[in-house]
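Here the protein sequences line up with chains A and B, keeping their order.
Counted from 1, the first sequence has number 104 at position 104 by the numbering used here; the numbering is strictly sequential.
Counted from 1, the second sequence has number 245 at position 245 by the numbering used here; the numbering is strictly sequential.
Below, computed lysine-lysine pairings styled on DSS-like, alpha-carbon distance capped at 27 Å:
1) B:LYS268 x B:LYS37
2) B:LYS303 x B:LYS37
3) B:LYS303 x A:LYS9
4) B:LYS303 x A:LYS26
Residues from chain B that face chain A, not an exhaustive set, calculated with beta carbons under 10 Å:
5) VAL130
6) MET137
7) LEU310
It should be emphasised that the hints constitute simulated quantities derived from the structure, not laboratory data.
As the structure is a computational prediction, the values presented were derived from the model and not from experiment.
Every residue, glycine too, gets a C-beta built ideally from N, C-alpha and C.
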Amino acid sequence: MAEYSRLAKGKFTSTGSAQVVNLPFKPDWVEFINYTAAASGADNGVPHAYWDSNMGQGVAVIERFQASNQLTTDTVDTLGITTFSAGQLLQFGPSLSVTVVTKAAAAQVTTSAAHGLTSGDVVILEGLYETATTGMPQIDGIPFTVTVVDSTNFTIPWNTNQSNYTAISIAATGTPRAKKVLYPYLYFPGVAFISAITLGATTTIDTAEAHNFVVGQEVAFRIPSQWGTVELNSLPNLLTPGAPAYGYVIAVTDYNTVVVSIDSSAYTAFNSNQTVASVPGLSFPQIVAVGDVNTGGVQISSGSVLYPPPQYMPIGTTTFNTINGPAIRGAFVNNTAQGFVIGSGVAQGDASAILVGAASDVIYWRAYLHDYSSP
Amino acid sequence: MSITTTGNLGPMILQSLAPAMLYVPTPTMNYITVCDKVSMPANGGTTCRFMRPRALQPPTVQLGNSGIDPPAQVPQRDIIDAQMAFFGTGCIINEQVILQDQEGVLAWVSERLAVAMRQAEDLILRDYIVSAASQIMAGGGSNGYNPTNLGITDFSLVATTLDTNNAYKFMSGILGENRFGSGPVRSSYFMLTSTELQSDFDQMTSVGGITFLNQWNYPNNTSALPSEYGNVANIRILTSSEAPVARNAVQNNLGVFNDVYYNTVLGKQAITHINQDGYSMNLIYRDPYYSGMLAQNATLAVKFAQAQALTQDTAIRNLLSTRLSNLGV
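Chain A extracted, bound-state conformation (with noise of 0.2 Å):
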């Protein structure tokens, strides 16, 4: 008898990383077939794997071809099948000792061990500072989407490779500290700091973690001005003063740049080189959804649902769906979820067995919530 007990199943093609698994509830079993490393019996191969919450967060009890069919058992200790309740935000995970920080259009970041991070995440950076006029405190406290390089590099989408940004080193008189922020889009579209912005007939706007935003959606600026291209701003307007001037995106580039509808040929030039004494005070330039200019729900393509649900994009152009019904494209979402994650983790035994398979691997999953469970 299973009265209260919540049973899923359901399939995904596997992109080589992490995999979230929506539900409508927060499982305290989860099983799946990697159809694909079934079917070809290669060496490296997952087909099976299992956890039970009773196991803990992160790990998984796997099977694994130790050659070509032969079968044997491990385990997988770290970034293996995590659950997950994303109800609220500013929760943050552990710490992160970073011991560099370098000079780049895209700053590389260093830490201490392993950070456990995946392409998508984001992550705040805080105790850049080396001395009244060196370091990077400027970006401390800025959300920054991640692309991992290994296991202890990863970039953000920042250039400090300008005079006022000074590499950090495991020197600094500051603790340097990254933190994942657990959920950082539970509500959509939103704000989003900007760390770039090209001029233009039309105005490319460059974002320091994903934007989620949508063609058609209407859009804000806050620029403080100190960064430069203060003419952005909804307010003051001069021609018709009180009346914010919106722009419109007209193009979505990737995660992280939009295309607007403004032009900003005479604008003055956007200013990320902002000093280190700057900083007690320093706002950030934004961007703002305001409102959006759809009538429609998401495109429907090949291969998606007939009334797809609002969708995020939080890394490259991957966009995801969120557990929403249909709904008007660019409109305030909401995107609490729970459910499981599925980790790209390896076997104890053999780091080329990866517990979320190969990019095109197909994957069957059953996820339960027991009635009963001792304990």
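With chain A's structure known, arrange chain B on it following the hints.
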């Protein structure tokens, strides 16, 4: 003489339930208080749409004497959409609990579910505002963090920003009276902030004659809200223990951590709370009759529908700050 004591004739029942339940510590819910409220009709689809006309350009160029009309203007509007979402939670209560417990378990669980639902409404609005409203970093304080602790000039800056944006204030002012220690209160926006900053307000240094005024120093406080702590410049301050705080999110030059507070300053209609067809408070009781062949378990649950939108983005700012005082424990 023999005295019969509880040592040889003890009470048969050693415990008695006190007549009233103890209170449940519950934060004040400020976010729902300051929202505009809109109800979507039943059968009204998934999305609530707001329309705001844009101002037309004032015709400041004279017509001259040519007799020719100036070109027409094209009226425009802004559209804001918000998608409805549904929430709920509940408890499964075995009939043996109801049968044997002496403290009216169904009554107090119902009450807790209702409060949980109302608190969820408030927390959703809180987090939505953190996600959607633009930010200003406090710089008027003295603690050296970015943002700094709140200073008088930060209040003045945010109030100036909202005034320049032609936001509507919530409250008209309170005229001064000849009462010792009191002072007049300006017409005001609201700031929604944390109870943890109250000691910072108490020790705020006045600048240019502007100072923090405790609510109990208002000339009269009949218009003060229960959670109102005081006033600075054109801002009246509502505090709650559930205000958004990013713990240890910033360090100073010495590597010492501080918390970052999201102090929301807003005018009228800045944020709107939307329900659908009054679907904002459903308490659902299902008798054990509906559970299994032995009818063992009753259920108590609440559900509600809610959407939210920034309906005047120019009338709201999150003023981020750190804290000057140490926290009590």
